[in-house]
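Participant: Chain by chain, the residues:
There are 2 protein chains.
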Amino acid sequence: MSNFQLPRGMRDIMPEEMVKREYVYQKIKEVLKNCGFSLLEASTLESLETLVAKSGELIKNEVYWFKDKAERDVGLRFDLTVGLARIVATNPELVKPLRLASISNMFRYDEPQFARYRCFYQWDAEVFGCEGVLADAEVISVTCSILESLGLNEYEVKISNRKLIEGLLVESGIPESKIPQVLRFVDKLAKLDEKGKRGEMEKLGLNEKQFGVILDLSKQGGSFRNVLKSFKEIKNEKVEKGLKELEDLASALEAYGKLKNCVVDLGIVRGIDYYTGIVFEVYDLKSKDLGAIAGGGRFDDLVGMYGKETPATGIAGGIERLLLSLERSKLLPEIRVSPKFFVIPVSESVKYKAISIAQEIRNLGISCEVDLLNKKLGKQMEYCDKKSIPYALILGEKELLENKIKVKNMKSGEEKFLSIDRLEELRSLP
Amino acid sequence: MSNFQLPRGMRDIMPEEMVKREYVYQKIKEVLKNCGFSLLEASTLESLETLVAKSGELIKNEVYWFKDKAERDVGLRFDLTVGLARIVATNPELVKPLRLASISNMFRYDEPQFARYRCFYQWDAEVFGCEGVLADAEVISVTCSILESLGLNEYEVKISNRKLIEGLLVESGIPESKIPQVLRFVDKLAKLDEKGKRGEMEKLGLNEKQFGVILDLSKQGGSFRNVLKSFKEIKNEKVEKGLKELEDLASALEAYGKLKNCVVDLGIVRGIDYYTGIVFEVYDLKSKDLGAIAGGGRFDDLVGMYGKETPATGIAGGIERLLLSLERSKLLPEIRVSPKFFVIPVSESVKYKAISIAQEIRNLGISCEVDLLNKKLGKQMEYCDKKSIPYALILGEKELLENKIKVKNMKSGEEKFLSIDRLEELRSLP
Numbered sequence: 001m002s003n004f005q006l007p008r009g010m011r012d013i014m015p016e017e018m019v020k021r022e023y024v025y026q027k028i029k030e031v032l033k034n035c036g037f038s039l040l041e042a043s044t045l046e047s048l049e050t051l052v053a054k055s056g057e058l059i060k061n062e063v064y065w066f067k068d069k070a071e072r073d074v075g076l077r078f079d080l081t082v083g084l085a086r087i088v089a090t091n092p093e094l095v096k097p098l099r100l101a102s103i104s105n106m107f108r109y110d111e112p113q114f115a116r117y118r119c120f121y122q123w124d125a126e127v128f129g130c131e132g133v134l135a136d137a138e139v140i141s142v143t144c145s146i147l148e149s150l151g152l153n154e155y156e157v158k159i160s161n162r163k164l165i166e167g168l169l170v171e172s173g174i175p176e177s178k179i180p181q182v183l184r185f186v187d188k189l190a191k192l193d194e195k196g197k198r199g200e201m202e203k204l205g206l207n208e209k210q211f212g213v214i215l216d217l218s219k220q221g222g223s224f225r226n227v228l229k230s231f232k233e234i235k236n237e238k239v240e241k242g243l244k245e246l247e248d249l250a251s252a253l254e255a256y257g258k259l260k261n262c263v264v265d266l267g268i269v270r271g272i273d274y275y276t277g278i279v280f281e282v283y284d285l286k287s288k289d290l291g292a293i294a295g296g297g298r299f300d301d302l303v304g305m306y307g308k309e310t311p312a313t314g315i316a317g318g319i320e321r322l323l324l325s326l327e328r329s330k331l332l333p334e335i336r337v338s339p340k341f342f343v344i345p346v347s348e349s350v351k352y353k354a355i356s357i358a359q360e361i362r363n364l365g366i367s368c369e370v371d372l373l374n375k376k377l378g379k380q381m382e383y384c385d386k387k388s389i390p391y392a393l394i395l396g397e398k399e400l401l402e403n404k405i406k407v408k409n410m411k412s413g414e415e416k417f418l419s420i421d422r423l424e425e426l427r428s429l430p
Numbered sequence: 001m002s003n004f005q006l007p008r009g010m011r012d013i014m015p016e017e018m019v020k021r022e023y024v025y026q027k028i029k030e031v032l033k034n035c036g037f038s039l040l041e042a043s044t045l046e047s048l049e050t051l052v053a054k055s056g057e058l059i060k061n062e063v064y065w066f067k068d069k070a071e072r073d074v075g076l077r078f079d080l081t082v083g084l085a086r087i088v089a090t091n092p093e094l095v096k097p098l099r100l101a102s103i104s105n106m107f108r109y110d111e112p113q114f115a116r117y118r119c120f121y122q123w124d125a126e127v128f129g130c131e132g133v134l135a136d137a138e139v140i141s142v143t144c145s146i147l148e149s150l151g152l153n154e155y156e157v158k159i160s161n162r163k164l165i166e167g168l169l170v171e172s173g174i175p176e177s178k179i180p181q182v183l184r185f186v187d188k189l190a191k192l193d194e195k196g197k198r199g200e201m202e203k204l205g206l207n208e209k210q211f212g213v214i215l216d217l218s219k220q221g222g223s224f225r226n227v228l229k230s231f232k233e234i235k236n237e238k239v240e241k242g243l244k245e246l247e248d249l250a251s252a253l254e255a256y257g258k259l260k261n262c263v264v265d266l267g268i269v270r271g272i273d274y275y276t277g278i279v280f281e282v283y284d285l286k287s288k289d290l291g292a293i294a295g296g297g298r299f300d301d302l303v304g305m306y307g308k309e310t311p312a313t314g315i316a317g318g319i320e321r322l323l324l325s326l327e328r329s330k331l332l333p334e335i336r337v338s339p340k341f342f343v344i345p346v347s348e349s350v351k352y353k354a355i356s357i358a359q360e361i362r363n364l365g366i367s368c369e370v371d372l373l374n375k376k377l378g379k380q381m382e383y384c385d386k387k388s389i390p391y392a393l394i395l396g397e398k399e400l401l402e403n404k405i406k407v408k409n410m411k412s413g414e415e416k417f418l419s420i421d422r423l424e425e426l427r428s429l430p
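As they're listed, the protein sequences go chains Y and U. Using this note's numbering, the letters of the first sequence correspond one by one to residues 1 to 430. Using this note's numbering, the letters of the second sequence correspond one by one to residues 1 to 430.
It is worth saying that the hints were derived from the structure and are not from the lab. Please note: incorrect hints may appear among the correct ones.
Note that the list lumps identical chains together, so a pair holds whenever it fits in one copy or between two copies.
Cross-link-like lysine to any residue pairs, in silico, SDA-like; alpha carbons within 25 Å at most [stated by the list, open to error]:
1) K158 to N363
2) K33 to I319
3) K69 to E414
4) K27 to S367
5) K241 to S349
6) K387 to S38
7) K238 to G267
8) K288 to R116
9) K96 to D12
10) K353 to R11
11) K387 to V95
12) K219 to D248
13) K398 to F417
14) K96 to M14
15) K27 to D12
16) K340 to M18
17) K67 to R108
Working from the sequences, and respecting the hints, build out all of it.
Facilitator: Below, the structure is given as structure tokens:
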């Protein structure tokens with residue numbers, strides 16, 4: 001039997017979890033649609049070249065890839081951006097700006113951890129064809145609206161700008177060529193102890209002053225106004241451009257009504273190389289330990305790698321982490337997995353009548369199950385209990401003669417009779 | 001650039017198709033829920049053994065399978081039943097009867113054809129833990145309700161019974177051992193010409209009488225009553241059992257109110273070996289050329305192969321084929337991909353005000369886009385046209401001073417002014 005176990009890191013989404021997901025997916029889709037984002041579903045399987053083009057040869061160690069029967073290298077997508085970028089690059093006729101979104105699964109071959117599987121789900125919203133920070137503000141605002149629609153109001157968006165940080169690093173004397181490695185160092189600073197930090201610093205050949213600038217980054221932040229003030233003396237093109245972008249972003253976020261949940265945090269750089277401007281991460285303030293529940297930024301150079309150059313910005317959020325967050329804050333409504341009614345024929349002779357009553361109830365738009373096993377009444381009641389079905393509808397020969405059915409509230413035990421001609425009254429039961 | 005093409009047989013689902021799918025998925029889910037089926041999502045990736053256990057070693061030629069980095073054989077699922085059966089077998093604590101359903105994608109490495117890709121979607125509904133034909137009637141009825149909820153009322157369910165057919169074949173002198181091959185022969189009869197049929201007959205070592213019985217099968221059918229009458233003289237245990245099941249099935253389908261759309265057709269056997277009783281296929285009578293839009297049957301032995309023996313019956317329908325069917329009969333509603341409104345700031349100075357108006361409209365639950373590019377008014381109107389956005393909301397400095405916005409109907413060209421304090425009136429526009 002062990003051969004029939006799931007591959008490591010894979011899992012099934014069972015009905016109790018599925019109803020919660022459906023609720024969350026629905027909320028996310030409503031907000032996305034409300035803001036003019038179009039849902040699509042890019043292919044799950046991509047050519048390996050497409051995956052490598054986004055994230056480099058090393059990605060081969062982290063994705064599921066293989067040769068298909070025609071000896072072509074193919075791989076399962078590791079995020080939703082890769083497909084969207086390929087679609088936009090290879091369909092230049094699509095009218096810009098283009099607001100695209102997906103909710104789907106992806107696959108990564110890394111070590112399974114708590115709440116982290118080798119197949120997981122994300123929602124994703126991207127704007128293609130806009131250079132300015134208005135588009136960055138739009139994706140941040142959509143994210144805020146998604147969280148708010150789920151009742152998750154105590155969140156914080158931490159915002160930074162790659163241009164500003166790169167400018168600051170260059171100003172401190174770090175050569176341009178080392179910037180990508182230094183950014184990766186900044187990204188993992190929080191996870192390193194003092195010794196680890198020193199080790200990295202030496203590996204990167206940084207001096208004390210440069211090291212100090214880097215350590216200071218994560219301490220810089222807070223309100224947009226403060227940050228803009230701190231650096232305004234620095235005469236460096238990237239720094240000035242970065243500050244201007246943050247200033248405009250703050251104005252736009254204010255117009256969206258979301259600035260109150262946003263702060264600047266220069267410790268946020270996002271680990272991935274391809275970001276080119278504004279970057280951001282979103283935290284549930286009540287569950288900071290979960291890490292970012294969404295994150296993204298501007299990636300103006302990625303689409304061009306697949307074809308037509310197109311500025312782009314976007315955000316992605318993990319569904320599993322979001323569910324955990326909502327669960328902890330008790331923000332998921334009670335959703336019943338079972339139907340509201342269960343029709344029980346007391347004897348074999350009324351089984352077809354039980355079916356037609358159940359079907360009539362279904363036709364009224366009310367969820368209803370009907371017995372398929374002809375078991376004894378006691379067993380049927382047990383089944384109702386185990387499945388938490390709120391009402392049993394019991395049909396006996398005697399009741400049928402009187403054109404009635406017994407309605408039993410499974411929780412209170414209360415029973416009453418209802419005429420079979422007035423099944424629509426079942427709708428009003430709580 | 002050619003390296004970034006999708007692998008052969010793969011495709012993206014673009015927004016125009018996605019809104020139709022979302023509509024169809026929603027309808028299917030509503031009916032499933034209404035009938036007490038629980039949605040779940042089994043793993044996309046299974047161990048190869050699990051796939052082979054269902055369909056034999058030959059399935060390796062038809063699925064995407066590979067060795068993962070730990071040298072374990074894994075494969076992408078080729079249907080939704082395999083995951084559901086594994087789940088039921090390995091979770092014996094699940095309360096029976098168990099009505100499970102999924103809507104998801106699967107992968108098959110066969111030759112792409114018209115409307116047939118290597119990744120495609122199905123909906124699937126199965127009942128586990130019920131031996132009797134009431135469960136078969138339930139899945140047939142759910143299928144009928146799904147089609148009816150989509151407005152597809154001219155459909156036909158063709159029903160047969162493996163037990164009856166096997167009994168008839170044995171009665172004609174065909175040895176038990178040849179039955180599986182003969183059933184596969186019956187399944188592809190319609191696709192063979194006279195010579196092909198004769199060839200198969202000789203290969204199977206059938207005599208003329210046996211060949212005649214086989215050819216007659218597909219001519220037998222029609223109303224349940226007629227079929228039951230035709231064979232009632234035959235004294236064979238399997239035939240008698242098969243007929244009794246069909247008789248009970250008809251009574252149940254009548255109780256569900258679906259018998260009028262059901263016929264018996266003994267030419268239906270379903271190609272796959274594992275069916276054990278009632279089998280069925282559903283056809284859109286207006287698009288018979290599409291082939292079956294859903295099909296299934298009873299498979300009492302499959303779950304046991306993964307663990308605990310459990311009787312089961314179920315149905316699956318192809319989403320792509322269903323969409324084609326609905327499209328041809330013009331049963332898909334017009335669904336707008338774009339939002340209803342587009343806010344256009346006439347000059348840079350009012351761009352943030354335009355954003356806050358757009359956000360206010362969104363907060364009212366009305367879909368709205370806002371300009372992110374600061375383009376000239378003419379370009380913006382062009383964008384509205386190209387995207388079929390029905391209304392432009394134009395904000396100029398003069399209008400802003402008067403606290404008004406211009407509402408332009410993009411189709412009629414009609415314009416009127418609306419107070420910015422009364423944006424909720426936008427809701428009443430068609």
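Participant: Now, for every hint given, state plainly whether the structure supports it.
Facilitator: Comparing the hints with the structure gives:
1. For the homomeric pair K158 and N363, the shortest alpha-carbon distance between copies (23 Å) is at most 25 Å, but the shortest distance inside one copy (50 Å) is not.
2. Taking CA atoms no more than 25 Å apart as the test, K33 paired with I319 passes in both settings, with 18 Å inside one copy and 23 Å between copies.
3. When the C-alpha separation of K69 and E414 is checked against a cutoff of 25 Å, the pair qualifies neither within a copy, at 63 Å, nor between copies, at 59 Å.
4. Taking the closest pair of Cα atoms, K27 and S367 come within 25 Å of each other both inside a single copy (22 Å) and across two copies (14 Å).
5. Taking CA atoms no more than 25 Å apart as the test, K241 paired with S349 passes between copies only; the shortest distance there is 20 Å, against 81 Å inside one copy.
6. When the C-alpha separation of K387 and S38 is checked against a cutoff of 25 Å, the pair qualifies only between copies, where the shortest distance is 11 Å, while the shortest distance within a copy is 38 Å.
7. Proximity of K238 to G267 under the C-alpha cut-off of 25 Å is restricted to the intra-copy arrangement: shortest distance 17 Å within a copy versus 74 Å between copies.
8. In the homo-oligomer, the alpha carbons of K288 and R116 lie at most 25 Å apart inside one protomer (16 Å), although the nearest pairing across protomers, at 46 Å, exceeds that limit.
9. For the homomeric pair K96 and D12, the shortest alpha-carbon distance between copies (19 Å) is at most 25 Å, but the shortest distance inside one copy (38 Å) is not.
10. Within a single copy, K353 and R11 get their C-alpha atoms no closer than 41 Å, and across copies no closer than 47 Å, so neither meets the 25 Å cut-off.
11. In this homomeric assembly, K387 and V95 come within 25 Å of each other (Cα to Cα) only across copies, at 8 Å, whereas the closest approach inside a single copy is 50 Å.
12. In this homomeric assembly, K219 and D248 come within 25 Å of each other (Cα to Cα) only inside a single copy, at 22 Å, whereas the closest approach across copies is 75 Å.
13. When the C-alpha separation of K398 and F417 is checked against a cutoff of 25 Å, the pair qualifies only within one copy, where the shortest distance is 12 Å, while the shortest distance between copies is 68 Å.
14. With identical chains, the CA atoms of K96 and M14 are at most 25 Å apart between copies only, with a shortest distance of 15 Å across copies and 40 Å within one.
15. For the homomeric pair K27 and D12, the shortest alpha-carbon distances inside one copy (22 Å) and between copies (24 Å) are both at most 25 Å.
16. Only within a single protomer do K340 and M18 lie at most 25 Å apart by alpha-carbon distance; the minimum there is 18 Å, versus 31 Å between protomers.
17. In this homomeric assembly, K67 and R108 come within 25 Å of each other (Cα to Cα) both inside a single copy, at 17 Å, and across copies, at 15 Å.
Taken one by one, the earlier hints fail for this structure at numbers 3 and 10, listed in ascending order.
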